[in-house]
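Engineer: Please dock the two separately framed chains into a single complex, following the hints provided.
As you go down the protein sequences, you meet chains A and B in turn.
1 is the number of the first residue of the first sequence in our numbering; add one for each residue after it.
1 is the number of the first residue of the second sequence in our numbering; add one for each residue after it.
Hints should not be assumed to be uniformly reliable.
On the chain B side, residues computed to face chain A include the following (Cβ under 7 Å) [to be verified]:
{"hint": "1", "residue": "M92"}
{"hint": "2", "residue": "N95"}
{"hint": "3", "residue": "R100"}
{"hint": "4", "residue": "H256"}
{"hint": "5", "residue": "H269"}
{"hint": "6", "residue": "V271"}
{"hint": "7", "residue": "I272"}
{"hint": "8", "residue": "F274"}
{"hint": "9", "residue": "F281"}
{"hint": "10", "residue": "L284"}
{"hint": "11", "residue": "S290"}
{"hint": "12", "residue": "I291"}
{"hint": "13", "residue": "W295"}
{"hint": "14", "residue": "L313"}
The set of hints was computed from the structure by calculation and includes no laboratory data.
Fair warning: this is a prediction, and the values are worked out from it, not measured in the lab.
Using N, Cα and C, we set each Cβ at its ideal position, and we do this for glycine too.
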Amino acid sequence: MKAAILKKLGTLLTIEEIPKPQVGENDVLMKVKAAGICIADMYTLRGERPIKLPHILGHEASGVVAEVGSKVKKFKTGDRILGNAIITCNECYYCKNDLEQVCNKHTIVGTDGGTQGAFAEYYKLPEGNVYHLPEEIPFDQATVITSPLASAYHGVRIADIHRGDTVVVYGGGAIGYHAMLGALSYDSVRVFMIDTVDKKLELARKAGAAEVMNPSREDPVKRILGLTEGRGADVVIEAVGLNQTINQAILSVGKAGRLVFMGAPFGKISFEFENYRQSFLFKEIKMTSSITNRKDEMPQLIELVRTKKIDLSRSVSLKLPFEKINEGLEIVKNDVGNLIRVVLEFD
Amino acid sequence: MKAAVLKTLKEPLVIEDVPLPTLGPKNVLMKVKQCGICITDIKMVSGVRPTGNLPFIIGHEGVGIVEDVGKEVTHFKTGERVLMDPLLSCGMCLNCSFGRDNMCESRRLIGITNETPGVYAEYGVIPERNLYKLPDEVSFSDGVLINSLLSPAFHGVKRMDFKASETACVYGLGSIGTMTILALKAFGASQIIGVDINEQALKNAEKFGLDYVINSKKEDPVKRIRELTGGKGVDVAFEVVGNHETILQAIYSTRHGGRTCILGVPFYHVVIDFKDALGFFHELSEKEASIIIAWGYTRQEFPMMLNMVKKRLIDFSPCRTKVIPLEEVNEGIKWTGEGKYTRVIIEF
Ligand SMILES: [Zn+2]
Ligand SMILES: [Zn+2]
Ligand SMILES: [Zn+2]
Ligand SMILES: [Zn+2]
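Only chain B is shown next, with the shape it has when bound in the complex (with noise of 0.2 Å):
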């Protein structure tokens, strides 16, 4: 089959002919229809994140057709259209057990994790446990927008117990913000504020149904969300940078008893430095405030991802994607990294 192999760090990835995997008992073939490109993957390519030996293929948010099902397989049949979770969990750890495998104590992650070869691929070798059936209705693009960006703010949203009528400010106006967006209006967000400093980022997210865009750069962001609340400020605060600067203006912006989101991941050092004396004391003891970090998604999250995907509840219309071949798999890394797109998308 053809594949697109990561063999050098740091030099494109190179499309070649390679064995098909072979096929488990409880595993899945999937005849891989798309598979999104994503800033981890860069990572990967960069030598930034660790890869472990090469050559390794890479690619974590695919979807396709099942071709065919191991001997144990009891869920899918060939010919249904697939989503994968590329998270592998053991299912009987501790955080498993209470529902949290996103913590799983032997966490992997097919096409990260250098023993579970990704998607970059015709055909991908997924376990049965990993897969969600693509109702019809939703198309494959969407599908990888659903394991690629909805599902860490869809996860975001609802650790949140985000509830109808309630206000929210999101910082940082990226993929995983204007999915958050999404996530908020699905779950009836009543007001919606969004905070960036690019400018066509905050263009891009009036797209997206916000109510209110703050470009931070020229005006004070808890300020003006404030004055946009009633001087109160809203009731949720999402995070989606993973700055220190952003991280205490989206606490700053929640009102007495509001919550604050931490979802930006950094790939550097963050101090969460409450500058002033009395920072903490104010913003978080006097107000009874909570920050409350959401990390990845949940096994559990899918199947509600997909149902409101289906019901349109989630409308993935304002999102900018573009699909390319594998052959264009390294200018679409390009494109990756350059952010115009809410997702590139490989098609086979």
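This is chain A alone, in the form it adopts within the complex (with noise of 0.2 Å):
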């Protein structure tokens, strides 16, 4: 089969033929249709991830089934489906204890050092990581279901959001856009999305969003406050992991509000409020962060796209052959035009 290979940090990935994966006997082998490429496969490019070379990237997967392992029993050859490709323990404290999202030895197939990714004409995970993908959901909305939308709607469940509540979401990339998209799924609930690229505000507005901001031109908090009559927001989900939107979004919650922190920040966050009695204690407020999916979530996730209550038809920016593979990694890494995801077609 041919797939693309990263032999040395900072080079292109090589495009070559090697052997299929062998089917273990819990194992599906996915012929590849599509696969999307992820912020954390810039992070191992950029050697941030530790990885053992050479090494196939991708975890972004959907396709048909090419062959299943001896046990398998939920799928066979030719069904459509889409991967999950975090592997939990099962054995752990967390995996015991209904906690596998933060399991103490979970691999992330295509992206740890060891497994095998999906930039590849064939990909193979474990049956409990497949899901069927029915006719209604295109193979190339089906990648964006996998990582992206997964982590945000994890992160949506965790909000707690009520039916007419107000959901304010810092940062309009691929994780803010659709955790945006997980929140309209909840009935009449309107959200303001905060970015400083105009050309994501314009990309949400269009998504749904009632009202966008932009904290480059305009006080966010204030704004917020404004549309609520001064109580502010119900639910405030951040998702860029900066010290500045992540305080924005603690002074835009509201009395008994919930946060999510999605963005994943490597610098360094201090909470630090004029007036801390008022601005944090007496709010009563609930915060949380929200890391990678759960399993359970994604029967009804495929659910809620098969039936257009989220809406996946703006989330693939960019369909490239899998050829172009290099290609797309250089736009992705450069951030060329803000793409939400850009996904590699196999034919």
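Structural biologist: Here it is in structure tokens:
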């Protein structure tokens, strides 16, 4: 099969012919139809994530079943499928206590060293990480479900959104944008999107944001308070991960509000308010971080996309043939045109 | 009636005869049996917390007996033992309407907010809506401990959705910290670890049924808590100090998916600074941890607390109370400031 191989950091991937992955008794082999390029791939390419070379990247894949292991029951050759690349250990304290999202020993197939990813004609996952893909969902959109939407939706579930809530999203990138779509899947919710890039705001507007704000032109906190009779938002989702946006997020949430941190900040964070009691303590807020996703969220997520309660029609901003993978990586790396997702297609 | 009146800031309260307050149609005249002395009272006397017009009668932690009822009062009759909730909420604003009257838009407090005098007095006029029947099994002093100290601690544990068999640590073992221990025991905690820097507080807290005590001046509490929990950290951490350092320590003491309850209300400015560059990432993001603020208490928690104390699920016997006559109120204020007692209580 053809696969794009990373041989040396800082060099282009080379497409080569290699043997197909060996299928174990519990595995499903996917003939890849589409694979998304993720920010996490950039971390690997920049050498910020340890990896054993040579390596095949890619963890956001959809396709059809090419082969199944002897113990696989739910899938047969030809089934349309999508994969979720996070394999949890099923043995640690957290896996045993219904907290698989914080499993101590999880591996991401395609991201972690020693695994083989989906930037190849075939991609192998355990049966438990594979889901049936309904006819209504095209392969390119399905790749979006596997990682950005799954992560964003996990955060949305943590946010405990209620009907009629005002939800503020800081950051209109892949996670923030899909968190907005997740929030909009609840009835009569209004979402305000905040980003410094107008193109992202335009897209958010088209996809259903009630209000958009560019903090380089206006104070989002002031505007949010103005739009909520001074109360602040019921839910704030922070998907940037900067000290400033984290502090703005706390100031934007109202009494009894919920705040979810989805941006993973690598810089120093400090909560600091002019009035600690009024801005923080007396609001009695709940703040939770959100990381990765859970298997039990996947079936409902697929159903939400199938029924168009979550509309992914604007999520794939660029499609490229697999052969142009290096071009795709370059576009994502340089954030050209502020795309939500670049997806590679296989013929 | 006799009352201790705040006439001049920073001066002792003056005990004198004042007219009986007038009874409105929805009010109950409570013959005060006991009233706790609160840190808030000290802050009002010293002027740290603004009081408004003087003279003013402070005191918000009262229990007593119904002496008389207004025309429209339907739930109480003369002779009944009662406990007061000092928080006057409107019952109509958005926060009240979803049961979070602790954040009522027009929140006022009897004995604290200027128009509503308190119960450092033989009688107090309390709206019917702010009274709860005190069961015979619950002593007046236990009633004072409920509305003064158990209430915020109970609210915190409840707000954390604390589940039986979970583990917890408590940073700060003063009066509210020890009440948090009592509430945690009632909620079925399997392990409770207490942390303080004061030897006396640690010694005193042991009586409340702690599994471990840590003097954080002598050893790193985060490291020790991880050791005591098989390397994971506790399920829930309670921060009852209101200090930057202890807030961080509490967060760092929780396991993946753990919850930190901020209960401490500081009277000074606090910055929560996750010191090193990856502090936030490791201790919140990667752990999928929660920080939950608990402030005050809500109306619906009073019947719960009263029932749990009545059933002895919450047992106040390790508490040290000191009961004094009204005449000693100024000494009582001094003792409260020294923190030797769980509560100093004025008795009439
Ligand atoms: Zn991804
Ligand atoms: Zn695990
Ligand atoms: Zn008090
Ligand atoms: Zn209200």
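Engineer: Would you list, in rising numerical order, the hints stated earlier that this structure does not obey?
Structural biologist: 1, 14
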